[in-house]
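The hints should help you fit chain Z with the ligand onto chain B, whose structure is shown.
From first to last, the protein sequence lines are chains B and Z. Position 138 of the first sequence, counted from 1, bears residue number 138 in our numbering, the numbering being contiguous throughout. Position 4 of the second sequence, counted from 1, bears residue number 4 in our numbering, the numbering being contiguous throughout.
Source of the hints: derived by calculation from the structure; they are not laboratory data. Heads up, a few of these hints could be off.
Stated by the list, open to error - Pairwise CB distance ranges, derived in the manner of DEER restraints:
1) B:LYS366 - Z:PRO427: 56 to 64 Å
2) Z:ASN431 - B:ASP325: 41 to 49 Å
3) Z:VAL308 - B:SER190: 41 to 49 Å
4) Z:ALA353 - B:GLN338: 55 to 63 Å
5) B:ASN9 - Z:PRO427: 52 to 60 Å
6) Z:ALA241 - B:ILE249: 25 to 33 Å
7) Z:ALA241 - B:ALA321: 52 to 60 Å
Nothing here was measured: the structure is a model prediction, and the numbers come from that model. No residue lacks a Cβ here, since even glycine has one placed at the ideal position from N, Cα and C.
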Amino acid sequence: MNNVMDVINAERIEDVQAAMQEPGDARLRIRGGGSKTALSTPRAGERILDLSRLSAILEYEPGEYTFTALAGTPIRKVEAALAEHGQYLPFDPPLAGAGATLGGTVATGLSGSGRQRYGGVRDFLIGARFVDGQGRLVRGGGKVVKNAAGFDLPKLMVGSLGRLGALVELSFKVFPKPAAYATVETRFVSLDQAVDAMVSLSAAPLDVEALDLTPDAEGFVIWARLGGVADVLDERAERLRAFLDGGHILTGEEERAHWRTAGDFAWLPADASLIKVALTPAQVAALEKRLPGPGDSPRRYSVGGALAWLAWQASISDLDAILTDLNLPGLLILGDGQPALIGRRPDPVYLDRIKRTLDPAGRLLKF
Amino acid sequence: MAADALMSDLERLYPPKRLLRAPVQLAPYESDALTAFRTRPLAVVLSETQDEVIETVRLCHKHAVPFVARGSGTSLSGGSLPLAEGIVIALNRLNHILTLDPQTRTALVEPGVANLAVSQAAAPHGLYYAPDPSSQPICTIGGNVAFNSGGAHCLKYGMTANHVLGIKAVLPDGEVVEMGGDSLEGVGPDLAGFFVGSEGLFGIALEITLRLLPVPEMYRTVLASYSSLGAAGDAVTNVVASGLLPGALEIMDRLAIQAAEASVDAGYPKGAAAVLIVELEGERIQVEAEFARLLTVIESTGADEVRVAQDAAERARIWKGRKGAFSAVGRLSPDYIVQDGVVPRSHLGEALARIEELSAEYDLRVANVFHAGDGNLHPLILYNGREPGALERAEELAGDILRLCIQLGGSITGEHGVGVEKLAYMPEMFNETDLAVMGELRAAIDPLGLANRGKMLPAGDAPALHAHGPHPLEKAGIISRE
Ligand SMILES: Cc1cc2nc3c(=O)[nH]c(=O)nc-3n(C[C@H](O)[C@H](O)[C@H](O)COP(=O)(O)OP(=O)(O)OC[C@H]3O[C@@H](n4cnc5c(N)ncnc54)[C@H](O)[C@@H]3O)c2cc1C
Numbered sequence: 001m002n003n004v005m006d007v008i009n010a011e012r013i014e015d016v017q018a019a020m021q022e023p024g025d026a027r028l029r030i031r032g033g034g035s036k037t038a039l040s041t042p043r044a045g046e047r048i049l050d051l052s053r054l055s056a057i058l059e060y061e062p063g064e065y066t067f068t069a070l071a072g073t074p075i076r077k078v079e080a081a082l083a084e085h086g087q088y089l090p091f092d093p094p095l096a097g098a099g100a101t102l103g104g105t106v107a108t109g110l111s112g113s114g115r116q117r118y119g120g121v122r123d124f125l126i127g128a129r130f131v132d133g134q135g136r137l138v139r140g141g142g143k144v145v146k147n148a149a150g151f152d153l154p155k156l157m158v159g160s161l162g163r164l165g166a167l168v169e170l171s172f173k174v175f176p177k178p179a180a181y182a183t184v185e186t187r188f189v190s191l192d193q194a195v196d197a198m199v200s201l202s203a204a205p206l207d208v209e210a211l212d213l214t215p216d217a218e219g220f221v222i223w224a225r226l227g228g229v230a231d232v233l234d235e236r237a238e239r240l241r242a243f244l245d246g247g248h249i250l251t252g253e254e255e256r257a258h259w260r261t262a263g264d265f266a267w268l269p270a271d272a273s274l275i276k277v278a279l280t281p282a283q284v285a286a287l288e289k290r291l292p293g294p295g296d297s298p299r300r301y302s303v304g305g306a307l308a309w310l311a312w313q314a315s316i317s318d319l320d321a322i323l324t325d326l327n328l329p330g331l332l333i334l335g336d337g338q339p340a341l342i343g344r345r346p347d348p349v350y351l352d353r354i355k356r357t358l359d360p361a362g363r364l365l366k367f
Numbered sequence: 001m002a003a004d005a006l007m008s009d010l011e012r013l014y015p016p017k018r019l020l021r022a023p024v025q026l027a028p029y030e031s032d033a034l035t036a037f038r039t040r041p042l043a044v045v046l047s048e049t050q051d052e053v054i055e056t057v058r059l060c061h062k063h064a065v066p067f068v069a070r071g072s073g074t075s076l077s078g079g080s081l082p083l084a085e086g087i088v089i090a091l092n093r094l095n096h097i098l099t100l101d102p103q104t105r106t107a108l109v110e111p112g113v114a115n116l117a118v119s120q121a122a123a124p125h126g127l128y129y130a131p132d133p134s135s136q137p138i139c140t141i142g143g144n145v146a147f148n149s150g151g152a153h154c155l156k157y158g159m160t161a162n163h164v165l166g167i168k169a170v171l172p173d174g175e176v177v178e179m180g181g182d183s184l185e186g187v188g189p190d191l192a193g194f195f196v197g198s199e200g201l202f203g204i205a206l207e208i209t210l211r212l213l214p215v216p217e218m219y220r221t222v223l224a225s226y227s228s229l230g231a232a233g234d235a236v237t238n239v240v241a242s243g244l245l246p247g248a249l250e251i252m253d254r255l256a257i258q259a260a261e262a263s264v265d266a267g268y269p270k271g272a273a274a275v276l277i278v279e280l281e282g283e284r285i286q287v288e289a290e291f292a293r294l295l296t297v298i299e300s301t302g303a304d305e306v307r308v309a310q311d312a313a314e315r316a317r318i319w320k321g322r323k324g325a326f327s328a329v330g331r332l333s334p335d336y337i338v339q340d341g342v343v344p345r346s347h348l349g350e351a352l353a354r355i356e357e358l359s360a361e362y363d364l365r366v367a368n369v370f371h372a373g374d375g376n377l378h379p380l381i382l383y384n385g386r387e388p389g390a391l392e393r394a395e396e397l398a399g400d401i402l403r404l405c406i407q408l409g410g411s412i413t414g415e416h417g418v419g420v421e422k423l424a425y426m427p428e429m430f431n432e433t434d435l436a437v438m439g440e441l442r443a444a445i446d447p448l449g450l451a452n453r454g455k456m457l458p459a460g461d462a463p464a465l466h467a468h469g470p471h472p473l474e475k476a477g478i479i480s481r482e
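Chain B extracted, bound-state conformation:
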């Protein structure tokens, strides 16, 4: 299936343009690091356009809080370069350990637990260059942190799943990284209590960096992360623990490992699919009611209940039905099921007009 003939390895932006303009019926499936298997594994009749060689940090000026890199640049490489100057991408791009790239992160629209504090990938992307389905190299946004000129094409590319164009160069805003972290882990017996705690913590001025909830056999655990000045972190963590009526404080390597494991989905059973669901804290209970026990189907609610990561072992159409019932949108990230978009779909009226403009000949995948 994945034989060499079906893969175009782009070495330069011109190669991406040429691939779009090549005659042929095969739709192009764009692949960055291949870390999101459900989205980057080719199906019959498709060709892979691989962008992993478009990898380089082009500009990084720490004093500007911005950098520009080719889209195939691995997140890990970017994180290492930023860390040398005490900076980071605050939204914790997921699957970094599995080789996720900047482009794949934007195209999939994925943000991790750190989204809680300052926003997600949509909020940190400031500029993009992409090749549309006609092979045109298009730029939107800019390289400065604030810019309101022209349509916000970078936002359009967030979550576009390689169906509107191939991202080739991206500019991001970055922030100074907190000097130290601490996490409070608090167990709850009932879901209602746990969700209430999460909601009041999100509305409290305690500035948590991340706020996740995991169901397990004995109940529910909230993970609330603080970051900041090292000297006062203990005091803040105590205050947070009191706010949650108790809990255990994690620090140091144990703390870091917890969030790394979460972001790389190390908790996912080997044969399970991974699905992202967008929701609100008020919808968590309704979704929980419809899901099998957490032993069979582990999951993690993130960003104070605005995001759910579900491990799923049954058929995708079952989950599609549940999400459709609940009017929640879902996206397959890992696994070999399809379709990629399940549950509530994006409004086709608007999207079709955009798709027809950027990809009139259908060189890229359909939504």
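Coordinates of chain Z with the ligand only, in the frame set by chain B:
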């Protein structure tokens, strides 16, 4: 013809007092806050419901008559400037906050709700709406959405787009669509995000879901004065390099300080060449710790005087001077242009020095007020409109400043939008392909080109890159100045 047919349809939809046609009724709608440009529209409708707006758009589409949505008309780039052959749809009366949910921390609002009204409604829940344009008591959320408006706190919390989760809009052909939702997260292309900043070209936002944030537990605001603008700029570099992330980092120069002092008595140090305002906000324990660091950094920057706001009243006074700066400058000069451009922060010093030179070259005073943290300059160019040629000179100077921003790798607008004012600079910021694609997207969403026609995207006969003097639309006789 088309216009007459539209008018008789509108007469069925609106009572006479909400369908304005007499010149005296239309006068207040002839321009926005860029008052140099005026156009009298065919009519203004004062819509009171979403259905009226939808129906009005459908009628405009049926008769192929262009329309301009209008919030409070505070646009500084001519964004809500009417078209002589079109109508204005005034949205001020759609000013209901439909729901405010403290659980999800969202507010669902109509487009005519004033920016500040959202924070006021959220306050009892300990929440607020973060984007804070200086015009916030009057400008509307609809206008903010159209322009992706900013404010003084963008470095840390972003602009309007970062706080809009969902939009229900009527497209220019009357189709109603919903984009995004009430979750912070989304699946599929970020269509709501793409709508924000589209300057009214994608249709009219009818309902907007806004994200609310917890009111910070503590603010620490410090005002430092410097004997040169360069020293204040260097201080910004030092603050940023220290790893602190202030909520706001603002600079005002001598002229702006004088203006603010004359009008609001903000108590800024007399005779200072520049003041820097730095504000930290967040959890108390953390802010106290960071503030100690901030003061050490500021002490090392050679400030002449450092004042720390001791309470909420003192903080408010510092901000009053800053937020009132634009209107205050009105006291120094009969006329002025507010410019809006962005440079990479590390080029701020260079940009300011160049602006000073340009000011001397053109013999026009320029007051500088800016969001230093994100490199967003707001030069206020003072001129006397009665002096022949003064406006043209002021516009040329403004154009040189915008080109400077582009040269330094920045942008022609950080928050005021392109509107009609900056049309000529779009081709310097974006290449032909970029503009062609934007044009095609616009055409796909608005095939007849009815919604805010003539704004943001240079037309096929794009104004020359070096357009000076009269505005291209002015030459074409479409708009005129007073
Ligand atoms: C004194 C002063 C200070 C200012 N300070 C700032 C500042 O700090 N930061 C900043 O960013 N801006 C600032 N502005 C500019 C201005 O206030 C903003 O651009 C504001 O968002 C405009 O809102 P409005 O309701 O007045 O919109 P209008 O001027 O009425 O309209 C602006 C644009 O939005 C479109 N529009 C209006 N409603 C809708 C809708 N519902 N759907 C689609 N399109 C719509 C209009 O067609 C027009 O193109 C300032 C202006 C003044 C006069």
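These are the hints, each one checked on the structure:
Judged by the Cβ atoms, the range 56 to 64 Å given for B:LYS366 and Z:PRO427 is violated: they are separated by roughly 34 Å. Taking 41 to 49 Å as the suggested C-beta distance range, the pair Z:ASN431 and B:ASP325 conforms, at roughly 47 Å. At about 46 Å, the beta-carbon gap between Z:VAL308 and B:SER190 stays in the expected band of 41 to 49 Å. The beta-carbon spacing between Z:ALA353 and B:GLN338, approximately 58 Å, falls within the hinted interval of 55 to 63 Å.
The hinted window of 52 to 60 Å between B:ASN9 and Z:PRO427 is violated, with their beta carbons roughly 35 Å apart. Range check, Z:ALA241 to B:ILE249: about 32 Å between beta-carbon atoms, so the 25 to 33 Å window is met. For Z:ALA241 and B:ALA321, the Cβ-Cβ distance of about 54 Å falls inside the hinted range of 52 to 60 Å, so the restraint holds.
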